[in-house]
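J.: Could you build all of it, start to finish, from the sequences and the hints given here?
There are 2 protein chains.
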Amino acid sequence: MNNMNQDTTSAVDDYMITVGQRARAASRIVGRAETRVKDAALLAIAGALEASEGRLLAENRRDLEAGRASGLEPALLDRLEITPKSVKAIAGGLREIAAQTDPVGEITGLKYRPSGIQVGQMRVPLGVIGIIYESRPNVTADAAALCLKAGNAAILRGGSEALHSNRAIAACIQQGLAVANLPADTVQVIDTVDRAAVGALIRMAEYVDVIVPRGGKSLIERISREARVPVIKHLDGNCHVYIDDHADLEKAVAVAYNAKTQRYGTCNTLETLLVAEGIADQVLPRLGQMYQEAGVELRGCPRTRELLLDIKVAAEDDWYEEYLAPILAIRVIKDMDEAIEHITRYGSAHTDAIVTENYSRARRFLREVDSSSVIVNASTRFADGGEYGLGAEIGISTNKLHARGPVGTEGLTTQKFVVLGDGHIRR
Amino acid sequence: MNNMNQDTTSAVDDYMITVGQRARAASRIVGRAETRVKDAALLAIAGALEASEGRLLAENRRDLEAGRASGLEPALLDRLEITPKSVKAIAGGLREIAAQTDPVGEITGLKYRPSGIQVGQMRVPLGVIGIIYESRPNVTADAAALCLKAGNAAILRGGSEALHSNRAIAACIQQGLAVANLPADTVQVIDTVDRAAVGALIRMAEYVDVIVPRGGKSLIERISREARVPVIKHLDGNCHVYIDDHADLEKAVAVAYNAKTQRYGTCNTLETLLVAEGIADQVLPRLGQMYQEAGVELRGCPRTRELLLDIKVAAEDDWYEEYLAPILAIRVIKDMDEAIEHITRYGSAHTDAIVTENYSRARRFLREVDSSSVIVNASTRFADGGEYGLGAEIGISTNKLHARGPVGTEGLTTQKFVVLGDGHIRR
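So the protein lines, in turn, are chains V and H.
According to my numbering, the first sequence is numbered sequentially starting from 231.
According to my numbering, the second sequence is numbered sequentially starting from 231.
The hints are simulated quantities; they were obtained by calculation from the structure and are not laboratory data.
Treat the hints loosely; a few may be bogus.
Straight-line distance between alpha carbons at most 20 Å, and here's what the computed SDA-like set of lysine to any residue pairs gives [unchecked claim]: (1) H:K341 <-> V:G616; (2) H:K341 <-> V:T331; (3) H:K341 <-> V:P314; (4) H:K447 <-> V:A592; (5) H:K341 <-> V:A435; (6) V:K481 <-> H:T628; (7) H:K447 <-> V:T331.
T.: Below, the structure is given as structure tokens:
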């Protein structure tokens, strides 16, 4: 809220407080809404999006033109664009969320206690969720749908570059909510480009229960630093594959190649390959050639560079790097203990895999590597809500508390204790 | 860190960073320690405490004398005191924690996915837990034991008034850790009365994963406000019992009386009694007499005061109040909807109960009241880790994220995803 005069700040703060109060009130209604009502809203939003395709593309064109005029980077323009295909994809995603099991209300572990009471836990909505994101307008629909399915009210703050697109999507969401008789305030899209709105949103803990920022690392770091509301966040994804000397060679090559090359820009992409020295001369020449044919730049430790000639040196900094690009650091190490040590020291506790046929090492790796996903004999690329069966995901959390790893609708809920008695008193 | 000159601040910060680094290193070892090793340490600490009873009482006497000399309130002196009975109770508590199931390593929900991988979640320690507490020296042993059982390293910062007591307990903890061959840094007791130590502890997110403050509301609010590390906290316990007009009269009287009078100073004690108007004239005269015979001061709404003559008026502020004393606010309302409205508006989302024989109302109350414990036909006093079967508790969380309600060892852990494959790659 720097560089703002007092009056403007107050006006934005007042606006955001109203938004927060409305969200809180709506959260009470959507929180107790029946599953079929929430699903009806989701299906109606999907229908409204498809029916409004022309309008969505036209509004999106305004954003794209403004973006081009203001010199927005091509990558950002690309993320900003809505196509007939992406409208279908968004609507399809909403229908999938509607088809998922409702996480709300599930009671688990209900047991009789010696006192005679029954105690269990009921899954309940978090309440109000604030989503702060950058250019992709599809997030407006996806995030709203995930929050709604989990019984929460959502406050969405997209990037100013997507303002018209987001408004058009918001209109479809409103149509869908109205069809299902849910309050309009269940999903509110912040309609000001004033950045003070974000500052207010992340500080009003009385109206907002959790913030989910989606975007670049600097956005997420700034929000985490300034927030007074808990943040479910994704920071780095510096992922490792460790090829053990007891690895099956074919599996090792397949997993390490897939983990790096299936997609370069995702957070669960392999960034540093660790290879046990006992197997390095069997696996590295073959893998090195495959990577190079795929156009991956390799950076190696001294031993790697003896096996793969003419590749660059991996400096200390490379071990920390999340390239998000066709670049791979490779290190030959002694054994699994050194691999765990390397992962603990340089990794980001996101997703790390071992390839081994050795039972005891697999068991130890699973227990001792402290990452949100720990994998044996499979690609790091599987670390994903869809692949894990969570349905659509709001993101992959690198937090330790609450939700860790891919976060679906369940991560947007919490549990309360329920107690059933028959006039029981404590003695 | 106000009122400190730069040199002192830096010295304390440096000290705390060292403490944090040591805790992080120890957390890696205790996090993978086998159950029997952790339990052996707990039993050895219990034994050491009993064997050191004389020493503990002598050191405690030093704190008590200093406290009396500095004019510490009688209630605080009371909490500070260690007796032969309390030493036995602490040691017994540690043995109970040793006897509990180890939460660490449990794998749940391991299922095959269509891709062929198996995905589940493994329960793992949080890492490093900082506990900040006031006078009760028993917390030093209890909190250390809960953290240790859950595989965490602990940094404990007790009140300066209990310094000698805490040091003596810390010595016993060190003996127990040594017996089990666990690192001494698994439990570190901050040995400076400098308040800047707390400021450093709650900000060093790279070394501390969660802060658990235990003490008065002002301490907890200050820590929550200033912390950069997530805080598992307990704020208010403004608990309600709603007596529905379909209540069984005997159960209603028993539950409402027990919830208020079984103990006055606990967070799960009844503070406002809500009574449906249809049953008020049957239940209030009888309950009113019982409360008054027990010495409870009653404050009522106008209708209550027609039924219970000569009681005080309940003002608007009373509905918000957590008395923690023999005082009770009573309000006659129309029906369950008004009860839920009252609880939502004035309550603290801690523990709320309904007394009713009506199935549909019980079902709705359970779903719609958004509190950490929601109870049907039983006393609010049951909201407790021991009563819920969680074993000893580190506290009752009023957070929505992560742990909500009584927090035992499981609340001091988190879950990571584990993936088992056989060379699977993502397509």
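J.: State for each hint whether it applies.
T.: Now for the hints, and whether the structure bears them out:
| no. | hint | verdict |
| --- | --- | --- |
| 1 | H:K341 <-> V:G616 | holds, 14 Å |
| 2 | H:K341 <-> V:T331 | holds, 17 Å |
| 3 | H:K341 <-> V:P314 | violated, 36 Å |
| 4 | H:K447 <-> V:A592 | violated, 46 Å |
| 5 | H:K341 <-> V:A435 | violated, 37 Å |
| 6 | V:K481 <-> H:T628 | violated, 48 Å |
| 7 | H:K447 <-> V:T331 | violated, 40 Å |
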